Each structure stands twice: as C-alpha cells, then as structure tokens.
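Protein sequences, first through last, are from chains A and B.
The numbers in the UniProt record's numbering rise by one with no breaks, and the one at position 493 of the first sequence is 493.
The numbers in the UniProt record's numbering rise by one with no breaks, and the one at position 435 of the second sequence is 435.
By construction, these hints were calculated from the structure, which means they are not laboratory data.
Fair warning: this is a prediction, and the values are worked out from it, not measured in the lab.
Please note: incorrect hints may appear among the correct ones.
As the list claims (entries may be wrong) - Simulated pairs of lysine-lysine, DSS-like, Cα-Cα distance not exceeding 25 Å:
hint, chain 1, residue 1, chain 2, residue 2
1, B, K225, B, K245
2, A, K103, A, K153
3, B, K64, A, K395
4, B, K71, A, K71
5, B, K207, B, K374
6, A, K64, B, K64
7, B, K64, A, K350
8, B, K557, A, K400
2 protein chains.
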Amino acid sequence: MKQYFKVDEWKIIEEGFDPHYNKVAESVFSLGNGRMGQRANFEEAYSGETLQGNYVAGVYYPDKTRVGWWKNGYPEYFAKVLNAANWIGIDVWIGEEQLDLAKCEVLSFRRELNMKEGYLKRNFTAKTDSGKGVEVESIRFCSMVDDECGAIKYTIAPLNFEGEITLTPFIDGDIVNKDSNYDEKFWDEVSKAIDADNGYVQLRTKKTGFEVATAMKFSIEQDGKPVSIHSNPIQKEKYIAAEVKLQAKQGQCITLTKYAANLSSQNHPAAELASLSADVLTLIASKGFDTMLAEQAAAWSEKWKHNDIIIEGDAAAQQGIRFNIFQLNQTYTGEDDRLNIGPKGFTGEKYGGSTYWDTEAYCVPFYLATADQKVARNLLLYRYKQLGKAIDNAKLLGFKDGAALYPMVTMDGTECHNEWEITFEEIHRNGAIAFAIFNYVRYTGDETYLTDYGLEVLIAISRFWAQRVNWSAERQQYVMLGVTGPNEYENNVNNNWYTSTIAVWCLKYTIQAIGKVKEANQAKYNDLVAKITFKEEQECEKFADIIGKMYFAHDDKLGIFLQQDGYMDKEQTLVKDLPATERPLVQKWSWDRILRSVFIKQADVLQGLYFFEDNYDIDTIRRNYDFYEPRTVHESSLSPCVHAILAAKLGDVERAYQFYLRTSRLDIDDYNNDTDDGCHITSMAGTWMAVVEGFGGMRVKDGTLSFNPLLPAEWGALSFQIGFRGILLNIRISREGVTVKNLSDTEMNIKIYGTDYLIDANSENLIKSKLAN
Amino acid sequence: MKQYFKVDEWKIIEEGFDPHYNKVAESVFSLGNGRMGQRANFEEAYSGETLQGNYVAGVYYPDKTRVGWWKNGYPEYFAKVLNAANWIGIDVWIGEEQLDLAKCEVLSFRRELNMKEGYLKRNFTAKTDSGKGVEVESIRFCSMVDDECGAIKYTIAPLNFEGEITLTPFIDGDIVNKDSNYDEKFWDEVSKAIDADNGYVQLRTKKTGFEVATAMKFSIEQDGKPVSIHSNPIQKEKYIAAEVKLQAKQGQCITLTKYAANLSSQNHPAAELASLSADVLTLIASKGFDTMLAEQAAAWSEKWKHNDIIIEGDAAAQQGIRFNIFQLNQTYTGEDDRLNIGPKGFTGEKYGGSTYWDTEAYCVPFYLATADQKVARNLLLYRYKQLGKAIDNAKLLGFKDGAALYPMVTMDGTECHNEWEITFEEIHRNGAIAFAIFNYVRYTGDETYLTDYGLEVLIAISRFWAQRVNWSAERQQYVMLGVTGPNEYENNVNNNWYTSTIAVWCLKYTIQAIGKVKEANQAKYNDLVAKITFKEEQECEKFADIIGKMYFAHDDKLGIFLQQDGYMDKEQTLVKDLPATERPLVQKWSWDRILRSVFIKQADVLQGLYFFEDNYDIDTIRRNYDFYEPRTVHESSLSPCVHAILAAKLGDVERAYQFYLRTSRLDIDDYNNDTDDGCHITSMAGTWMAVVEGFGGMRVKDGTLSFNPLLPAEWGALSFQIGFRGILLNIRISREGVTVKNLSDTEMNIKIYGTDYLIDANSENLIKSKLAN
C-alpha cells in the first residue's frame, strides 16, 4: 500500500511528479460524466509512460475472440471498450523545443482532482533543455450539464524568456486500443474539417458502424485580452489541428480555452453529427468556460446532496469514500438505459464489456439509495431488453424452451467472455440479475415493474435453472453439477452452495411473482403467458419439485454450509499461515495449486448469507463467517465489502473497519498494484455498501427502512444521505446516538435498533439508544 | 465412414481424382523413414486444396504461447513440428501452359501406396486448356537405407502433340506452417547455390537455430537416352531451381530423376551441411533410382518379417492393420533416442510437440514386440534424458525436492501445452511413463535398465505423487484433488480412480525397484542416493503411508470403481440413447454440457483395469466394463483399442471385432472427418495391441509369454510375428488351433490357454486346444 497522494477530504492531490506513478495517477484523476470520460492524460505531448484513454459511452468494437484452444460454445467476438479520439490535446512548442514533461526538467508539479466541484487542475513549472522556464495551469472537466462536452482552460506563461510559443490544439482519432486481440485499429475516418479556430474529425467503428464526431473550438487570450486567431490548419489521417504562433512575454499569461464535443450516432443521425457538434460548440463557447465550470460545480453540489457520506475524524477514510462516490457518479448517471457500469468505467479499457454481475450485486443498491429510482430501473431495463440475447446464449449451450442465461460479460447482450470455467459455468450471475429485480421492488415498492418487465425475466431465468439441475438417482435429490461460484479460485465444482441457493431462491421468487402479477393484472399476465408460451401449471410444478428436493452441500459436524462437494477433503490451512511472499496467490501460485487449496478469492457462501440473511439465524451466519473468512484471501476487489457488512452484522466493528479500509482506498493507494490499468469502478459501490449497510446497518424489510448502526473507534461520527420512496433522510451516527434528519415534506416510519420511530417531515431527531461503542 | 480407397491387402489405391478428398489422400499416402517424411503432395504445381508438408525429425520451433487468459504456470512457448523445405517440387510447363491438376481436365488418375516395398506411385493423364494431353507417372520414396534421402522418378509423355515441355526441379524453403500462433515464418535462409543439375538451400530455424540443408541433384532421359543438361538456374529467397526446356515428341517419354537429401545440424556440423549433402547426393545418384528402390523393397521386406500381421479372409481388415504397421515404421525406427512419435508423425503438423503419453501407453508395447529391444529402450531413454526438465516443470507448479512432472506435450522436455485443465491436471501421464519402465523390464527381462536409468525416474515421479496427494482430515485418507483423467470430458475432478490407482502403483513399484537395485548393485544405488539426495527411510515411509491410506472412489452397491467422486450424481443416460445428430459430442455439444454428462471420451477406469488386470478378478473387470463401456463415446482414437482388448479378455469376440474395425481403418476411411490434417499415428499402435493383446491374448508374466487367442467369425485365420528376448515367433490362429512357429535357434517355453508348452528351435507346432469359435 502506497500513500502517494495527499489526504484531503474533498480532493485528490499529487504533489511533485513521479513518472513511474503516472499511469496510476492518470487512472485516479480520471474524469467522466456518464456519457463520455477520460484518463488524466496531459494536454501537451508526453513521451513518458502513459495510457492514453478517451471513451464514449456505449460505443464498442466486437474484437474477434482469441483463445489457445477453442471450446464449443465460445462466442465469436468480445466487445471491447473503445479508446476514442483524443480531444484534450494541445501541442506546445517553446521556440524550437516541444513541451514534454518527460524531457523537460520539472521544477514543480501539482495535480488536483476537485471532487466537490468536478474538475481536474494541474499546475507545473518546467525548464526546457535550453533553459527556458514556463509556468502552466490547466483546468478541465467533462460537463455534467452539457454531457456531450468537455472544456479546458490551458494557461502558459514564460518565466525567464521572451519569444515564440506555438500552441496547436488538435483532435487525434488515430489512436490504438491497448486491449486489442489482433493489434488492429478499430476506427475508420468518415470526414473531417479544420478552420481557423474550430474543426472536427468524424470516425466510424469497424464492424459495429458507430459514428462519433469529435469537435473542438478554441479561443486565446494573452495578458487577459482576446487574441484574434491566425492559425495554420493541419490535417492528417483521422487528425485535425490548428497551429497558432504567439509572441510570449515574461509575466504575461497566454490562455487557450478549448471546448470539445463528442457526438455519437447512438444519439443523433450520423449525417448530422458534424453540424450538430458545431452547434453544440457554439452554444457552450457562448456560455464560456467560467459559466460552464460554475454549472459543473452546481451539478456536483446537487449530486453530493443525495450522495455524500461524511466521516468525522478520519480524513483518509473520508477521502476514500468520497472518491468512490465521485467515480460512480462520473461513470453512470442513469439517464440512458442502453448504458451500464463497466468494471473500469471511463478510467481504462481492460476487461472489455461494460456489464458484469457486479452491476446487479453491487451497483444497484448504491443507485437505489442515492439516485432517483429510475436510475436503478434503467439498470434493470438494460437486462430486460437483452433477454432475447440471453435466451440465444442459453441456446448456444444446449438449453431450450425460452431458458435464459445472461452473459458473464457483455456490451449489447451477447456473451463476450471466453474461458469455459467462467463463461459456461459461472451461472450464478443469472441469480444476481433476478435478485436485483427483487431488491428493486423491495426498495421502491414499485410492483408494476414485475408486471411490465420483471416477471418475463424471472421466468426465463427459472426455466434455465430447471434445465440446469439434474436428478441424482444416487441421492434422490436434484444436484447442480459443473459450476464456478463467485469464488473463482474453484472451477467446475459440484453443488456450489451459493449457486444452488440462489437458484432455488429464483424459483421461489418466480412463483411468488407469478402470484403477484396475476393478482395485479391478470390480462397482462395472460399476454405474457401467450408471448412466452408459459405452461404455468406444468412449469411451476417442476419449479416446486426442485425447490422441495434440492441438495445443498453442508457439513453437519461443523454446522456450516459447504462451499461445494468435497471442500472438506482439502488441506485445511488458513490464510494467516500463508507466507507474505506467496501472496497474492494469483501471481505467486500455479493455477492448479490455487484450485486445490482451500483459499477463497471472494465471498461465496458468505455472499449467499449476505443476500439471504433473513433465512438464517445469527449463529449459523457466525459459524459460516468464522469458518470461511479465515480461508479468504480477498483477491477480488468485490470481497472485502461483503465481509465488512457481515462483520458489522455480527457486531465485530473492528474487523468491519479493517475491511472497509481495504476497499475504500483500493485505487487511491494502488493496493493491488493494478490501478495503472484503470480504477475498480464497480467495487466502489461495494465500499458504499460497507458504510451504509455495514456501519449504518441499513436494511429494507416489509417496506420499512431500518438501521442498526455501529461506529468504528477511529471515527468521531458518520453521516450519509438516503433516498427512500421519495423521501430524503440524513442519518448521522455518533457516540451520542443516531440523528435522523428528514429533509422532505413527508413523515415516515423507520426502525432504529429494532424500535419503530415516526420521523416527522422536515425534522431532526436524536435517538440515543444502544450505541455502546 | 467413407470407402474412398480401394481395398487391397498390400496397397492403398485411389482410382480417379476427387479434389475434395485430396487432403485426406495426402495424409494417407504419406511417406517417411523415421528421419524425414512428407505428405503426398504432387511434384508439379497444384493450385487446388492441399496441405504442403515436408518434415525433418527433431527439428522444431518454439512458437510463443497464445491464450485468451493467461494462467500462472503456463509455458511461454509451444514447440511446433516444422514444415520444412519442399524437396519434391518439379514445375512442369507444356508450352505456355502450366501443368496443374486443378486447372487441367484430368482424364485418368491413380495413386497407389505400395506398403510392401515402401513407395508411392501416381499415374495420370490430363489435358490442358488448349487441348494438349500428357501422360505422367511419378514414383517416389523416402529411403529406409539412406535415411537422409528421397528419390523421385517423374515421367511425362505427350499424348497428342509435339512441342516444348519445360521441367523445373526446385527446392523451396519459403514455406509457411499452417499451425503458427502469430502467422510467422519459422525459417531464415543461411545459404544456397544452384548449378546445372544440382543445388541446395540451407535454412536455419528462428530461435532454436537448427540448420537443415535440403539439396537436389537430377538427371533426365528422353526416349530412354540420357539428355545432357542445359538448364537455366533460378534463385529466389530460400529457393533454387533449374529450368530445363525439352522438345517432346509423341510417344516418347521424358524422365526426370530427382535425388534429394535433408541433412540436419542435429547430425552434422552446420558448416558442412552443404558439402555433405552434395556427397550424399553423388553417392545415391551413382547407385541410381532402380537400385535405391530395390534396396528400399529389401529393407521393407525385413521390417515386415518382424512386423507383419496376416488376417485371412478379410481384405479390409488386412489392409487396415498393414497400413497401421506401415505408418508406425515410417514414423519411428528407434535409431535415435532424441526422437519420438508425434501424434501426426510425418503426415501433418497439427497438435505440435512430438511426445505425448501415447508413446508410453500405446507405442512402447508395439515396438517391444516388433523391433529390437533397443528401440523401446531408446523411447525410455528419451524420457530419462528429459528428467531435469520434468523436475523444472514440477517446480513451476510449486513442487519441490526433486519431484518430476513430465510434460503433457513436448519436443525437448519442456512443457508446451497450455490448457490448465490438461497441462496442470492431466498428471496421470507421469504414471504411464513409470509403467513403460515396468513394461520394458517385464518384457525384456533387462533389469539393468532400472539400475542405470529407471529408478532415478521412478523416484522423481513418486516424489511428485507424494506431494500431489493431500491428507483429508475428513476422510482420514489421502486424496487426489483437481485432476483430469484419461477421459478428457471431465476436468478438475477429485479422486479420479485411474490417477489414484496408477499413482499408488508407482509408489509400490518404486519401493520394489529400490529393493531390486540395491540387491543388484549397491554401489550404483548409493551413487544415485547421493546424486538426488534421496532420504530412503523417510521418503519410503511416506510412500508406504500413502499406499496404505489412499482413498479410491468406488460404488459398493454397483461393485464398481468410480471414475471420480460424484460420478453417480450425473444423469445416468447411455450412449445408445444419444441421437446420431448430436454426435460427435465434441462438435455438437457445448463444453459445459459435455462435462456435466456421464459420457466418456476414452477408456479411464478401464485403462486402469487394462494396465493392472492381474490385480482384479474377472467379475470385477466385467462389472466395470459393463458399466463404463455403454457410457463411452470413443471420441479419442486411443479409446477403441483398450476396449477391444478388454472385450476379448471377457470373451466377447464380436464386440472386440467391432472395436478393432473402428480403430484399424480410422484414417483410411476418414472415420472422424479429420484425416485431412494428418493420420493418427500413435493410435495405430493401439490397433496393433487390439490384434495381438486382444485377439492374440498375448501377455508376459513372470518372464513367460502367454497367449489366449480368439478369432472373430469374420476371419479365416490371424497370424503375427512376435519378438521376445531374442526369439522370433510366428503365431497363427485358425479354427483348427494355434500354430506356433519358432523361427529361432533357441527353444522357449510359452503358455497357450494357460497350458505350458516347450517350443523347440525352428519348429512348427499346432496346438488344438480350446479354440471353440
């Protein structure tokens, strides 16, 4: 764990420049607005180590699958997140020398991500080989208000010379994707133009045919006065630029303001992208940079009103949680039900695809509590719209009659992952997608979703489970063979308890949902039955038979659920006995050794106990936690949060705090030495869960919000906002008690430590009970 | 199953030309002499579908591994069989038209592989676009006597014209490997030269630096008279040729005799390859083609004396078995202990590597009985020499203290396969390598091999097993987790019975061998102990503990051994219930579905019962056979032979015959639609086993050869040669009885149907007992 960045409650700050840490910093300082985003690359040239990254949401390329050995059922393509045109570029020449921090002497350097107002600021002074010093400040952001736009204010001043400075703002679409299977470039040029102070490049993705126009418009001031632009236009393949030569004087600043737009054919007619982008640029340029920045701050202020978590007395923890919330909001705003939350968001291109079960298991709870309910609903609708492809995917694997297997990784609904042990076997993802429907209805009370969309998905998923189990004549029970659970350090196991449990839960919930929908709207139910040829009696009978006769792996002696058949045959060593030199296992051990060991990558049985806690008494949960946690290496970023929540539930606030620390500063401190590729966006929602469901002890049951708070010894107080069915609450947990502020005009009932309270509209209530620690 | 080729007892015959079948024919008609080999490509140009293939034994290229997802422990490289310079090429122009059977009208076509004398002959008449007809005959072979050489006699005669015919014999080293991970060419040019009637190209492999000089020398006769050569020399990159223009007359033959040599730096100094190849060519050219061909026939006659199997009354079966024996002898002669038996031999480049466990499990028995014992010994020494790399390979996976895991696929001892479920888990290969040592000693009686080499390998393998098992506190037994058995339609299973059984057998045999070696040569034993730091007492105690406390999966109710834990949880369907449209499963079912099914790719429990039959009573073998065979899809070419042997043992001659048919004509009839890639060389040894161990019922026990013959109803008689400890026997099984001819000057004891017989030197004995069918 490094502590490279300065601790600050609202900012991430880099003081001084460490080229070896640049790619990590580029990830951490990433910007986004849900529609577009980028890594914190420099505007000027940089010949040192960097991963250039500009991304436009929803635009992807189906890269031809590459494997060592083909297995029947593998998808032909893997949808890759596309590196798009670079719109931030401003080439800077000081006389005959190019400004490049890898070649200059960097005298001072500071980079700052202002999370409160949503912008990135960079200041540096540098000296060229010939000794010319310059001072530079750049501020830029991806606008939350004009969400196809970004803006940069780039100011340069000579420190010790007078002479020519050349500024060349450009758009460069001739970029490579680091994550390309066959080293292809993914974009073709459609058109481009360059004028004195504006220009654009329009590109089209190969195969998928998405078009994106990336346009710029700029103005320059010198010593505070506008400069009329006499530029030299430059065109190359997929590239336009305008070169402007200026006579710089000591003590006088030159400021280039660059406005940029990324318009995609997903949202506009392809033929109009160029002209529309010119319109958009005219509009934002007329607003001006300062107005845009003020609007950005206001938009973020509104976000924080619903999102913020305040941790008093622990600035590092405070910075950590805000960073996570900030990045989640940059990645996904919920405006567009075609988009989803990629594992790297707009901070890198690794892994490809944009949608994993992370969305349902980790992100939905975050957006349910911190955003309008349509945001979580859009995440659900995304899967609803892809149901047809999930049915196709199941067909490819030999299932039939409308059974659906949602993909492990996807962009448009087709599977694009290709490791048999994951792609074909990690089928519990289907369960998480069903659980998210349950969770949404539980949280919002919006049962119409079941009628209109949810039930169709639930039946298709249950049909899959009904075909996926098989009858064991030996046991006289149904079994679930050949699966990989959430713990990916086991492959092709039989009767993974988590998978069997969530499968049976799906069947039960589907039967329940059928009842609800029939009651609510028999006509719509009849329509659905006809649409999907649902043989209710026969199929539900099969579901019920499986529910009644499913085998669940367990160990009666220990009183625990067994992760899978045969788990107790393993050598029962513990994580504490592993030498530090052998960790992380995934880097130090061969794969077969990992598979044979007891060691667990991430919550598996415990993931099930987290989802279905109401079905188990606290002693059962404790026995399983006490057994599995010491065997868990937490080598997935999704692991510590579930453990934090369970530790908190079991009253172990100190363990919960340790898990929280591990997850909240994962990227800021580059905990796993992999933040250079991008941040772990989806696990950031897990961090939020660790705070709100862990320390806050928040649950929803029978339509009522309840809290069972705990406070780590290290914290003075913890407060967070929760939106629930149109009401906004602020919960503050301190040693004095739990303060509940109702910020809405509606009263509501909540439970604190099991006791019911009526919280008046616009009231503040201190509840003193039970906070012992 | 096709019947494309004509049935003939000594030949494979293709009548008429079917371009769609050309690649299969190229495989089936392949030539080889253990040192070099080639597919049956045409001498003249062919623009139709073809897989060009010339191979030089022992020359390989380590192609950089290509996988979708890297797993720790994967090898960096995969040694590929290299397509080498094309030495057969003779470009033919008739006036301005190139002779190319894909473009001409083929009037007649006949290709014939003469297995008795070891050559390939092709006759055709064809007509060009302009209507010029030619008649061509080509005869070629890879010399068994001059094993770095091949020769071609190519005769062309005009049918209906007089005019210019241009013949351009060439050597072309600018070839591609079909099986290349990154579409690289694997050879660089070292040097070349071309003269009027001879020339060479010397090439060097990238990375491995093997050099091969491929040289040619030719002469031409017209109308039976030598033509003095006035040629036009041609040179291109990695290519040399000599163009000769001739005035052809109707009714006059032009004959080009091309001698070629492939000399490798494995056998000669690289700097001398060019001059040595010139010497070799001078030598063979002075012998002349007809003498060489006569020597070839004599060499094959000698092979057949020891190898031949005669099946009376069933020409298709006769052709099948001779084809298998012929290809095995073409692939490996046992002269060189650096070589081994690749799965495609010299008939294709698929799969890479040259050595699989096929060698030990299938090929060693064949060579033991049909060749000098040094041949099998060389196969064993090959592994002995690679022991160091097997220890390195085990280290890579986390094993220590001299434990060895032999590679799944290799060329030089390093692992070059990369699927975790095979590479890391199919560890039973270690057992087959130990078993081959046992088998060699059992057959030959040569116990010095144990002292000099065998024990060192056995201890290293036993050390692996001792570390690979783990103690199950639950069972209070040792278990073997995370393996893939011979049945590769199961991955990552626990307690595969075959693997556990052969592991424990290895430990037992190692302890036994230690005793023998100590008794035979204590000094050498002490040297070994010192060399490998063997702690006899402690390590043997561990071995014995595992032997005593190993868990073997079994089902007491059914009285069978269980292929692995949980096998009875599967849906117990049978192969007979599978629709034909769903087979072969590997092409029709997704991988996960295959894994979850009961269906077995190849003998697994039954492979163990075959190896260790003496440890089980016949009822146990029958119960397991009756249980597993109906679940076996035989989608490996290695499967039917073991089943044939067991069926014969159980007295079911009809089933044995069905299995035999399936294996013996696998390639001739392109049974699995995959012979276009090359023939299944190693399974051909299995076919031999099916005859000799199956119908012949041959076994060796306590130093005595025994037979328990059976005769399929379809056969009149079956006879085969067996070499045993210096004695050559001919065994003929007919309805009259078993005739044993001792072709040696030494008497010997054998057992027929359990009764001992003394077979006099140079005698023929008819034993009438028991042959009921």
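Hints versus structure:
1. B/K225 to B/K245: OK: B/K225 and B/K245 at ~16 Å, within 25 Å.
2. A/K103 to A/K153: The hint holds at about 23 Å.
3. B/K64 to A/K395: violated (35 Å)
4. B/K71 to A/K71: With Cα atoms ~17 Å apart, B/K71 and A/K71 stay inside 25 Å; holds.
5. B/K207 to B/K374: violated (32 Å)
6. A/K64 to B/K64: holds (19 Å)
7. B/K64 to A/K350: Holds: B/K64 and A/K350 sit about 22 Å apart, inside 25 Å.
8. B/K557 to A/K400: Violated: B/K557 and A/K400 sit about 35 Å apart, past 25 Å.
Checked against the numbered hints given earlier, the structure breaks hints 3, 5 and 8 and satisfies all the rest.
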